[in-house]
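Asks: Residue strings, one per chain:
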Amino acid sequence: AQSVSQHNHHVILSEAASLELGCNYSYGGTVNLFWYVQYPGQHLQLLLKYFSGDPLVKGIKGFEAEFIKSKFSFNLRKPSVQWSDTAEYFCACRDTDKLIFGTGTRLQVFP
Amino acid sequence: NAGVTQTPKFQVLKTGQSMTLQCAQDMNHNSMYWYRQDPGMGLRLIYYSASEGTTDKGEVPNGYNVSRLNKREFSLRLESAAPSQTSVYFCASSVGTSNEQFFGPGTRLTVL
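Chains as they are written, first to last, in this note's numbering: chain A, -16 to 94; chain B, 8 to 119.
The shape of chain A in the complex, shown without the other chains (with noise of 0.2 Å):
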């Protein structure tokens, strides 16, 4: 079965600094990437996808994430994170008819 890793549990940034969470999935094959986003005491939103195509992939507010095959890696990245950034971010991907999530990574940005 697939598993997901995210190796950064929690992540403290000063406002402008850049970003980049870790996430890496246990095999290969077609794969069906997200990132999904949960804002203090709210429910997760997608932040972004990867189903094929273009490697690098834009979401919204400013994130991009790039998948690497080789490397198993769907990475998430900002260059300049905001306060308003604070949040626990999963990686997800699919494993035949579900999705498969990774531990999560906790991001606190500091003004």
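These aren't lab readings, by the way, just hints derived from the structure by calculation. Mixed in with the good hints, there may be bad ones.
Unchecked claim - Calculated cross-link-like contacts (lysine-lysine; reagent style BS3-like; alpha-carbon spacing at most 27 Å):
#1 A/K54 to A/K41
#2 B/K64 to B/K16
#3 A/K32 to B/K78
#4 B/K21 to A/K32
#5 A/K44 to A/K32
#6 A/K41 to A/K52
What the hints assert, rightly or not - Over the 10 Å line for every Cβ pair with chain A, so calculated as not near, a few chain B residues:
#7 H36
#8 P68
#9 S91
Said to hold, decoys possible - Facing chain B, according to a computed beta carbon distance under 8 Å, are these residues of chain A, among others:
#10 N15
#11 L29
#12 K32
#13 D80
#14 K81
Source: prediction; values computed, not measured. Glycine is no exception: its CB is placed at the ideal position from the N, C-alpha and C atoms.
Once you have looked at the hints, place chain B on chain A.
Replies: Here is chain B on its own, set in the frame of chain A:
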């Protein structure tokens, strides 16, 4: 459109009590899911329904049952609640099983 709705928002149970968490979606989605979210463990799939009339176990099904009542509704039942079931429960739906999932606002359940 309301999207995915869940009731109740909060619930406190005593060990051994039963309850049903309700979920409904108005997006005409085929697939529906129940997750639990615990600190440091991310989201874990309890049960899912790939289409109306089918249900399957996820990663952590023990202690739970589900009913796909119709295309819109997917309920989660705790027959005899245990403190280990204290968690936040999220329902989600998707057009198909490979598509993005849309999440409800969650139910925060405490079992004493």
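Asks: If you check each hint against the structure, which ones fail?
Replies: As far as the earlier hints go, only 4 is violated by this structure.
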